[in-house]
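**Student:** Got two chains here, each in a separate frame; can you build the complex from them with the hints?
Chains L and Y, in that order, are what the protein sequence lines are.
Sequential numbering from 1187 applies to the first sequence in the working numbering.
Sequential numbering from 6 applies to the second sequence in the working numbering.
Because the hints were derived from the structure by calculation, they are not lab data.
Where hints are given, some of them may not hold.
[Said to hold, decoys possible] Cross-link-like lysine to aspartate or glutamate pairs, in silico, DMTMM-like; alpha carbons within 25 Å at most:
#	chain 1	residue 1	chain 2	residue 2
1	Y	Lys418	L	Glu1503
2	Y	Lys39	Y	Glu18
3	Y	Lys39	L	Asp1464
4	Y	Lys39	L	Asp1402
5	Y	Lys39	L	Glu1320
6	Y	Lys476	L	Asp1500
7	Y	Lys653	Y	Asp579
8	Y	Lys39	L	Asp1347
9	Y	Lys39	Y	Glu15
10	Y	Lys533	L	Glu1546
11	L	Lys1520	Y	Glu38
12	Y	Lys7	L	Asp1479
13	Y	Lys306	L	Asp1338
14	Y	Lys533	L	Glu1306
15	Y	Lys692	Y	Glu658
16	L	Lys1386	Y	Asp725
17	Y	Lys476	L	Glu1306
18	Y	Lys306	L	Asp1479
19	Y	Lys533	L	Glu1320
20	L	Lys1386	Y	Glu475
21	Y	Lys114	Y	Glu92
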Amino acid sequence: MNNDLEIFRDEVLLALAEVTDIRAWDAIRVNTLGKSGKLTALLRSLGGMSPEIRKERGQALNRLRDELAHCFEERKRVLEKAAIEARLQAERVDVSLPPPPCLGGERQGFLHPISRTIEEIRSIFGTMGFSVEEGPDIETDWYNFSALNTPDHHPARTDHDTFYLSPRQPTESEQQEIPQKIHLLRTQTSGVQIRTLLAKKPPLRIIAPGRVYRADHDATHSPMFHQCEGLVIEQGITLSHLKGCLTDFLRAFFDRPRLPVRFRASYFPFTEPSLEVDIGWSRQTGEIGNGADWLEVLGAGMVHVRVLANCGIDPREWQGFAFGMGLERLTMLKNGISDVRSFFENDIRWLRYYGTNPFEAVL
Amino acid sequence: MKFTFSWLREHLETHATLDDICTTLNRIGIEVEKVENKGAALEPFLTARILKADPHPNADRLQVCLVDAGPGFSSVQVVCGAPNAREGLAVIFAPPGTYVPGLNITIKKGVIRGEHSGGMLCSLQELGLGEESQGIAELPEDTFPGQSYADFAGLDDVVIEVAITPNRGDALGVRGIARDLAAAGLGTLRPWLQKTVEDKFASPLTWAITYHEACPWVLGRAVRGVRNGASPEWLRRRLESIGLRPVSALVDITNYFCFDLGRPLHVFDIKKITGSCLTIDRGHGQTLRALDGKDYVLSEKDCIIADEAGAQSIAGIMGGEATSVDENTTEVFIECALFDPVHIAMTKRRLGISSDSSYRFERGVDPALPMSALEAATCMIVDLCGGEASAVVAAGQQPYWQREASLRFNQIKHFGGLDLPSYESVAVLEKLGFEVMTYDESALRVRVPSWRNDIAQTPILSQAEGLSTEKAARVAEPVASMEAERDLIEEILRIKGIDSVPVVSLPPLPFLSSQESESVKRNSHQAKLFSIRRLLSARGLTEAVSFSFVASERAARFEGTSENLRLLNPIASDLNQMRPTPLVSLIEAVRHNSARGWSDIGLFEIGPAFTSDVIQQGQQTMIVGVRSGYTPRYPGVPSRAVSFDSVKADLLEVLQQWGVSLESLTTSTGAPSWYHPGRSGVLRQGKKGNIFARFGELHPALLQSDSIEVPVVAFEVLCDVLPLSKHKKKQALKLSPFQPVKRDFTFVVAQDIPAENLIRAVREADRQLISHVRLFGVYDPNNPNVSNKWEGRVLKTKVLSACDNNGDILPVQNVQNNQDNGDKQRLLSSILRYNKKNLKIESIHERDEQADKQYLKVSSRERYCFFMSVEVTLQPMERSLTESDLEAISHQIVKAVEKTTGGTLRS
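Same shape as in the complex, but just chain Y (with noise of 0.2 Å):
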């Protein structure tokens, strides 16, 4: 809300500066955002005459005038270049030194084509002031040379704006904050209504009410007789200076006491209704064109102002077209109501329209007021358009709003931490229109004034549903008196100055009590996101926070398109749904990033997910990360593009971290759609546990919708489906004293078998000696230079029935007839495991169609192997190895290997 210093002062005797005025109102609670003073800026600008004006002698376009602004710049010489410069012209005169806020340049005295200028002449436009003209301002002809501008224009008035806080209603007024400085010690608060208007017939309106709940109080008054014209000038500057556009003297004055009393008042045409009666009732469905020339449709719930012939003002909101006044209204009606503060808000929600007065009513006005506000409307109304008030008619009544509370002085001590002599308590409340009732050394009770709705009021709990009955009563009981004993205790702190609380540092924890350790626990879950931020960002990956929503097309990409996670009132298109991983964000990153020319970049985001079966619980949390491009050139080292096996090793790194043990995961393909199929996989713990990271490169359709022209790694974790690792205390350390022995096995495996199934059956062949066991070659035995298992060969049979190398047919059980490869794989496995050496698949023919069971037809011709090579580290605790327990181990080995891959050694 905005208002003047001039404004204030007519409520606020005071000498306060405008400093001291800003300071008290912020520290008070009315913030004060903006202070405008645009005088300040003008203050140089004089008024002056053009004495006489001759054509410049070196140029066409150009005027030399002689200037008379004032004492010392009695004859000035100012070239002007403006068309309307004559002789006898009261203009604006900028001396040297002025600084033009229009132009952004300050005056100099100068030589202009051989002439010189002691000034300029300047336009409205370039004080700041006005629209664009033609020529310099032209002053009134009586106008005196001399006198600063912003005083000639009254422009010395300094604006000053204030947030006021749901709370202050009775704040939306001038008088209002005047009255809370006045309670802060800077001034009094001046009387008002010292006039009274007699009326001199009866008013051709009446009320009635048939909407009570959202209209308890109405009073109206007619005034016959008025000229609607033009508002004097100090009511116009007033209300021009706030932000208001002056309309005509009858409407100036019920926006001016929307203002100076936070009293909405409305006016009818009196000759415009129909019929003699206006009624406060529901809407019913008519439409109404409003002030704003909006049509608006007015339902049961909305109350409206009617007349015989319908709705012709949405009551408390504003008012309709048809009964407005205008410049040839005589005779008008003052509308002064009480309108609920909840219906107002639903109406206003509703309809989508808003204005000062429905602001105030919504906040909540001073139930008292409406008579005296009438009656100082009446005044006004008669003073400024002449004419004679007709009697008050009114409906429903005054509501009772008379409330009290009590304090007790030691609960601002307690409580606030102030301590203060109870006579200043008093003192402060006093003055704020508090009516002190009883007052003894220990507590006083007061009566709350009509216009501070805030205080004492009746509580509105919603308390848990989970509280039982017994509890929920006794914890709400004591709300009605300490809530009014707090709104006391705030208007005391508030006034005076929280700033006087003293200042003590929170007393330290004497021990961790036993619900604290319960967060410690948690605290150790962050803790890890942070260590594994830290672990992230050494492996080269920069840390990026994205929007939790993104567009739903971009979202059913990565299969999040429920409708529960989608924003009903989304900011813009692209940010309405609620992403199903943070990796949809990441991928944008990288697209903007690569767009600007940055595409080899790593990001990673520990964030929220949103998927539609955890609605009821909350977002899972998520840890992501991508590495796009290639890696840089080095003398001796290609650039390769990002690969599967980077992200694989910040996967791995993450999990280790987060204390999951690496040895009991399984790695299998199966990532969801968003992966590229053959280079993806997910894990989980053990094998039939819950997958809790994916990873792998993205599919190249999605990266091509995309226009990401560079490859792209990713890797998920989904921290909810994480093991929690305990902490286990670490059994002692037992070191060998004998030297571990490390041996080299190449095995002839199947193209189809992981690795991680060789390294495991390698290491399960004994957990007590092998301590270790390493990969360290894949190839081809036709091809060496090839590593790549699937390179070039693709498994393509269909797998429907087999049959072993004599032709006879095998049962396998539980195989579904799937083409989905990771099913192949396992069926693959699944045949090896039936019969593990005998069997060598070479193609797979078509199912039986006789049979009811599946069968696997397998022929027996040589199939696709490959060479993997482990180092195995043996680690003896008793004893030396000697070479039979060697041969013995190793022996072991191959054995396992050949039992779980069909692998053999090789020979």
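Only chain L is shown next, with the shape it has when bound in the complex (with noise of 0.2 Å):
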């Protein structure tokens, strides 16, 4: 090999051991392979040359551009890696580090247990062929007790301490014969069953969950509580199946396919045979399903003569069921949450301790 190549061999390779830093390296690569590089020009300089000579300083000219190219690369690899040792000692961080909090310092909010029992009941009723319907919650008398056989007399109204909003009270002479465009808060959801009579044709399975009101307060009463109606009109719809529907219902909702189910007779205006629904408990532990003691869960009945005339249909033709539940009671029973009043303070910790994870799924 010629001297002068020598000599420029070494001047790079020793400029390339030099170099810590990549974009030094790439300096030296383009002075030296670039276009208008150091070897490339010597490269270039062969054409003014002998072909004796061209040739056999060609060859060793592209030798000594194989060997430099190779110890470019090389070297690249060195360096990159030690750039990355480098940075990676550069970098760190405390693992232990909480992550940063959302808006609210909350990472999820809660869902309030009366929803999550709403949702629970609409699924498992979903499931057996139920829809929803809603109803207002300013009624008028004839949808909250008339049309349900409930005369403004009868004593059944007496327990239900309605929250009147007309802007007329009925005065003293009007008291024999109320008028039916009275304006009260429901006292019950079952006035969605007129409104569904009256706005669709049997066969029917519905529920209506809602507000309803009541001027009671203390730890077992809230003026304010929630309910959930229900209604069958089919064909061939017997006591039996209400007893099946409900004890399906009640098994499925607490979770336990043995829960013992009591039906004892009762009386609501718009049933008949009403009925009223116990689960086995124990009053001493509060376990569901276990125990020797009844818990009154619901009332129910055959839907009344009466409310399929007063709603237009033919009696003869059609038969089904109602029911209607507590469900701050349902929610208690299940969460063993003891003061209904509770349900409504907003207490940010009840909220939290009682609500239920969005994520978690319905059945």
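**Tutor:** If you want it as structure tokens, here you go:
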């Protein structure tokens, strides 16, 4: 090899050995192998030489170029590796640091236990083919009482402690025949039965969860609470189906396949026969489905012929059943909550404790 | 209603245990609410006698007594602190191991100050029976030691409290309950009224009825020569056990029959009656002092019993004080009447008065019973008070109560689900007092007993107004006979036990009918709300549920003061107005939580809101969220107040979840008065749609009036105004093979131009090519740290008239002379639209009074401008963009921005 080339090679290799970062490396590379690099210039200078020399020197230059290219790549690998090493040395976090908080400080909120109960009820009855209906909270006297076979003087009305809203309070002289258009806060979701019977034709399977209001306030009563009404009007539906449907529901809701369910005769103006439904539990431990005590959880019955006739449905053709349940009660039983008033106080501590994770699947 | 076990056994011959009786009552529709067995707890207490009482050697106030309490305890030493303990006294002794309810302790043998004590001598208070007293109970001198105190005091009788449903007036007497139990197979009903009382004289009083609607029939009988002392022990004890206070024999007897037969009676002292005739009459406005000592004004509609001096009794509800019996009564007149339930109910409600008597009349009493009830009462008065009875006097007549009902046996199965041999059904009905008229293998016909006024009644219908006459009549026609049949089925099922009906699951539905698809649509509306609940919870808000009513003063701050929506009978004055928005409740919740030290919270509620214009169609549903307080501190992230942006983000997420297209929304100011006017906004679809959401910081004055010291931001969504999203089938996805290109633009825009306008202008420049526009910078050119366009720079001009920079007056159409901020801004934008570039507003001068049109006068000085930077994403579909394409689109964007906002590209 020619002497000048050897010197040139040593110079390049020395410089290469001295670079510590990829940018300096690149500068030498361009200076050496680039378009206007020294080696490129040497190669270009071959053109002016005699063929013999050109051949010999050309081969030497090509070898030198390959060798240098190889050395550059080698060096680059080393530099890159060192760079990553250096970066890893420099980059550190305290992995035990808590993640940054979200707005409001809580990672997630919770659903109110009543919402959860309503969702579960929708889901259970949904699988039995029920659809969901709604009605207004401000009802007329007729929907809430009269159409449900509860005329004005009926003793059942006094149990209801109704809130009245009408701009016209019944005056002394009107009390005997209170006009129908009195507005009140519904005392039960049963008015949705009437609305549905008027709006739709049987066969029907509906539930109607919603707010109801009664003028009563203590540890077991709240002036507002939630009920869920149910109505089935179909041909061939008997009291047996009522029992089956509600037994199935209660067992699914409390997730106790062998939950004892008891049916007792009772009275509601809009069903006949009327029943109250109890489940087995232990008064002492509060455990559902286990124990010698009974706890009333809902009311039900076969739809009264007068109710059907009031809604223009021929009772010879259609029969069925209706039921109603207090949702706070069911929620309290299921979650071991003791005071119904706490449901509506919106104490954040209570809501976070008894509320449900929004991502928990419903059944 | 309460009764005792022994009282029940007087009407029911039975060997059934208490448990059997309670279980059966529950089954047949007479719900047992409470069983009170005072005796059980007192069983271990014994009667005893103090044989010897010596002072305690080591204590001044104690005595050491030797007590005889019968076998096993014939000589027990007891240390006692009672001052009245003395030799020979008959006392109550609690042996060791006895639980003492009044003290909540169990007695143990022990040593008190060095003396052994083998039990305790008790006061009645310690037994949980009497009032506080000095010392121990003193029993009668002749008390025999060693008896159970419960037996001795007659406390062994169990008190059963039952709930009687409103249809069962007949079960408001012990005999009615006994009859049901007998029918249910728990024994046999004993016969009653085996004695009668001979008439000795003609009654000095007679009856007259002038108010027949309220009282069809009344009976009376006088007894003279009575002594009205205290009732005998058995009667007093029986009344006390069910919670009634014994008064005197005559009063106690009427109360007794009220509960024994469910038959209210009243007695008058004949000597206090003026004249010789009692009239069932209307009240004529006279005032009566009733037995409860209160005065009642009796109206034309109230039924009264009057003598010649005026009203003496509120018929069927309460007697008057003036003619009541007392210890000097010697001549008594017994009233036994039938009063109409509706009249009783109305009078009761009008006067706000009620009694055991009205409770029974309201639910209907046995119309065939008065004669024998009067006989029974007379009999007991003569027995207990002596004297002799007159002949019976009456007015009106027994109403016709006889009714019949038929039952097809197969209906028990088809309706009630129970397969029952027909003879069993017949047996049940007969035991309940139904009289079988005809009976074959398929059906029977019965007469309804007089006391069952709930069976086979004439149906009262209240049919919907919209029904056609023909349809109404057709569906009403079968009601009477079907109802009677169902009444009988109910009786049979009730007595047989609903538990015997087989349990059958609902048959699955074969398909969704077309009607149900309607409700599926409705479902999806509700399903949306459920998914929004999840969304908001996931964003850190917790769901609240609040009362629908709030304090009216509180509602007034939210413009919700409609009289229509005020409760007439609120439970408390702070719960008297239907809330105009759930926000009222949530702010209340923030206040409560913050007062407890939890002020950095987020809440939402999905619930009803009430405004006067929705009273006809009902309330509307609103989704409302609040955030209060400050964000938590974090390394490198300072705590900051909850802000406008966070609720706006919540709100937009909710709308997106609902299915609203965010691109079509218009945001503007003009939120209701409870928001901070400069930091709140409203949303509508397009430019003219209804406002369906509002959001922002709450008004500081509102928070101040609630003493909330932390910032609160909120959003409200009016679900019923939200556009319904239609479920559209998606178009096939076309993916571009070309890379998107991003370009940044910075515009110089006037301070009052909303960012939304700029973004929209850019997007509208080429809807095909521009796939996304993102605002990433807003800053003051003179002070790059300021990104709030309004900070320290509020437009203070009055907008009345304007001119352009040449001094020419420019007309502006339809501009109202309005000080409202929103209008001002609209006005300014309209000037800009009118003459985009040349016009630079600096100040605005007073209107020229002479001009008949409104003008805007604008001077030519520099207007305050801001820089706004956007990143525009271009997505070519057909081919790569060339440099000239990019130049063209950039030019287009700049032109569009200039045209709609007056903004220019920053040079």
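**Student:** Now tell me if each hint is right for this structure.
**Tutor:** Hints, one by one, checked against the model:
With a C-alpha separation of about 16 Å, the suggested pairing of lysine 418(Y) with glutamate 1503(L) holds against the 25 Å cut-off. For the given pair, lysine 39(Y) sits about 23 Å from glutamate 18(Y) by alpha-carbon distance, which is consistent with the 25 Å threshold. Distance restraint check for lysine 39(Y) and aspartate 1464(L): the Cα-Cα separation of roughly 16 Å lies within the 25 Å cut-off, and the hinted pair is therefore satisfied. Between lysine 39(Y) and aspartate 1402(L) the alpha-carbon distance is near 22 Å, which keeps this suggested pair within the 25 Å criterion.
Distance check on the hinted pair: lysine 39(Y) and glutamate 1320(L) sit about 37 Å apart at the alpha-carbon level, beyond 25 Å; violated. Using a Cα cut-off of 25 Å, the hinted pair lysine 476(Y) and aspartate 1500(L) holds, with the two alpha carbons roughly 9 Å apart. With a CA separation close to 31 Å, the supplied pair lysine 653(Y) and aspartate 579(Y) exceeds the 25 Å bound. For a cut-off of 25 Å, the pair hint linking lysine 39(Y) to aspartate 1347(L) stands: about 24 Å separates their Cα positions.
Distance restraint check for lysine 39(Y) and glutamate 15(Y): the Cα-Cα separation of roughly 21 Å lies within the 25 Å cut-off, and the hinted pair is therefore satisfied. Restraint check for lysine 533(Y) and glutamate 1546(L): the C-alpha separation of about 17 Å stays at or below 25 Å, so the hint holds. Under the criterion of a C-alpha separation no larger than 25 Å, the hint pairing lysine 1520(L) with glutamate 38(Y) is consistent with the structure, at around 23 Å. At most 25 Å may separate the alpha-carbon atoms for a hinted pair to count; lysine 7(Y) and aspartate 1479(L) meet this at roughly 22 Å.
With a C-alpha separation of about 16 Å, the suggested pair lysine 306(Y) and aspartate 1338(L) falls inside the 25 Å cut-off, and the hint holds. Restraint check for lysine 533(Y) and glutamate 1306(L): the C-alpha separation of about 16 Å stays at or below 25 Å, so the hint holds. Distance hint between lysine 692(Y) and glutamate 658(Y) is fulfilled; the C-alpha atoms sit about 21 Å from each other, no more than 25 Å. Restraint check: the Cα-Cα separation between lysine 1386(L) and aspartate 725(Y) comes to about 22 Å, which is no more than 25 Å; the hinted pair holds.
Our distance criterion of 25 Å between C-alpha atoms is broken by lysine 476(Y) and glutamate 1306(L), whose separation comes to about 39 Å. Restraint check: the Cα-Cα separation between lysine 306(Y) and aspartate 1479(L) comes to about 48 Å, which exceeds 25 Å; the hinted pair is violated. This hinted pair checks out: lysine 533(Y) and glutamate 1320(L) have alpha carbons roughly 15 Å apart, not beyond 25 Å. The hinted pair formed by lysine 1386(L) and glutamate 475(Y) meets the criterion: a straight-line CA distance of about 19 Å does not exceed 25 Å.
As the CA atoms of lysine 114(Y) and glutamate 92(Y) are separated by approximately 22 Å, the hinted pair is consistent with the 25 Å bound.
Taken one by one, the earlier hints fail for this structure at numbers 5, 7, 17, 18, listed in ascending order.
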